[in-house]
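Number of protein chains: 2
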Amino acid sequence: MTERIWTAALIVIGDEILSGRTHDKNIAQVASWLQVQGIRLAEVRVVADVEEHIVTAVNALRAANDYLFTTGGIGPTHDDITVDAVSRALGVEVVIHPEARAILERYYADKPGGLTDARLRMARVPQGAELIPNRMSGAPGIKIGNVHLMAGVPHITAGMLDALTGTLEGGAPLKSETMGCWTAESEVADLLRQVEQAHEACQIGSYPFFREGRIGANFVIRSTDADALAACAHDLRNGLADAGFPPVAGGI
Amino acid sequence: MTERIWTAALIVIGDEILSGRTHDKNIAQVASWLQVQGIRLAEVRVVADVEEHIVTAVNALRAANDYLFTTGGIGPTHDDITVDAVSRALGVEVVIHPEARAILERYYADKPGGLTDARLRMARVPQGAELIPNRMSGAPGIKIGNVHLMAGVPHITAGMLDALTGTLEGGAPLKSETMGCWTAESEVADLLRQVEQAHEACQIGSYPFFREGRIGANFVIRSTDADALAACAHDLRNGLADAGFPPVAGGI
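Those protein sequence lines, which keep their order, are chains A and B.
Each position in the first sequence, counted from 1, maps to that position plus 12 in our numbering.
Each position in the second sequence, counted from 1, maps to that position plus 12 in our numbering.
It is worth saying that the hints were derived from the structure and are not from the lab.
By construction, the Cβ of each residue, glycine as well, lies at the ideal position given by its N, Cα and C atoms.
Hints are supplied without guarantee of correctness; some may be wrong.
FRET-style restraints, in silico, Cβ to Cβ [unchecked claim]:
| no. | chain 1 | residue 1 | chain 2 | residue 2 | range |
| --- | --- | --- | --- | --- | --- |
| 1 | A | Gly103 | B | Thr177 | 41 to 47 Å |
| 2 | B | Glu142 | A | Ser44 | 37 to 43 Å |
| 3 | A | His246 | B | Arg16 | 54 to 60 Å |
| 4 | B | Glu111 | A | Gly103 | 52 to 58 Å |
| 5 | A | Asn71 | B | Asp96 | 27 to 33 Å |
| 6 | A | Ala255 | B | Pro145 | 56 to 62 Å |
Kindly produce the complete structure, drawing on both the sequences and the hints.
Dropping the structure here:
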């Protein structure tokens, strides 16, 4: 029986990441969250704050995946153009969402200036959208069809992911087992290939590292089938031990 | 006079990043390095270790940009398929590069097993390729046309970028000035838009943060023209001060 695999893509919107000034934290947190939902992150694109580039990426990735997520560009300033770009990609109007407006009215009621025009920009959504709750600050995220628009600031993104937990259909989570070994990966390339071939339901990834002046590698076995994973890990562990490669003490 | 803008794209190859297990470090380091070369990073894609996906990304991005970089997948193991994918994308054969073979022969001469078949995989290149020196470990990077294949391990990638420094034609580096302010970005949205509109040669990005229990934002002005940048920064700084928003002490 082949299980249905659910996939997602992520678009990170922001000149800040492309300039190298800000280190992205959303790829890893969205990826980890998706794992738990049983959804596989199939591709990430980081694109500039240019409407046309966002439109192209949205249309390519929402068609190719079960779910699409974006981070960034939903704030109140002139460089926040994600809602416009996604609306254009979907061929719908940009409208003010009444519930989002009400949320912002409450949020800004006791703040200087109240709900200004700039702040009201954060109630703009593609027509037909629902909101994703934001418990960290005022402006909600946005869900339309299979597209989920989230904030760029990592702790706000995290809150929106929390709000989405359990709401998306997924498959069996991909399980993994990692073993670290003090060896150059070139020493064990044949062994890795043989073990992977013997365990069809598993993939083995090999990730070299350099630590404490020594060369090592982590081998990550992945499968949706816990028994297959355990059998593959057993064979690989024995193979590494038989070949005399010392495991990394205390795990990876 | 409009200056020619040089662009690059980056493909990060690796299931490890998409699984969330490993936090990518190459996007930021490649982005920062490109800035200094006067080349703008226009797009990043993170793709899985699937040949077809890599081929698609390579062909889309090498055509749309002056330069394309890849990180990951050039090691000795079965999951290292970047050379195969890039060769297929370019329509050329995979061959053993004689100089790469010689480098690996020297590197493995005093190591157990010598130059095994698995290690010799690291001498495979798309036909017509040149090598990118690797001063950190044995296997070189690869340059073919406008495509640069680099290692996935960040400190090895860094060495390859060093080796490429000054070898790629670029334009005037994009300069930037950042000012931090204790304010919600929604308070200054109008000001930012006005100042940006008054300074055509500049873009202003607005990046909110939450720190020490307070809300703030960084405003980053970017331009290739130092005078335009200084004038824009002057106006924005005055505008923020006039509106009574306190700068973040000691900069950002």
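Tell me if the beta carbons of Glu111 of chain B and Gly103 of chain A are separated by a distance inside 52 to 58 Å. holds (53 Å)
Quick check on a hinted range of 27 to 33 Å for Asn71 of chain A and Asp96 of chain B, using CB atoms only. For Asn71 of chain A and Asp96 of chain B the Cβ distance comes to about 29 Å; the hint holds.
Can you tell me whether the CB distance of His246 of chain A to Arg16 of chain B sits inside 54 to 60 Å? holds (58 Å)
Hint says 56 to 62 Å; check whether the CB-CB distance for Ala255 of chain A and Pro145 of chain B agrees. Violated, since Ala255 of chain A and Pro145 of chain B (Cβ atoms, about 31 Å apart) do not stay within the stated range.
Is 41 to 47 Å respected by the C-beta to C-beta distance linking Gly103 of chain A and Thr177 of chain B? Holds: the Cβ-Cβ distance is about 45 Å, inside 41 to 47 Å.
Is the hinted range of 37 to 43 Å satisfied by the C-beta distance from Glu142 of chain B to Ser44 of chain A? With a Cβ separation near 38 Å, Glu142 of chain B and Ser44 of chain A satisfy 37 to 43 Å, so the hint holds.
Hint compliance for this structure: hint 6 alone is broken.
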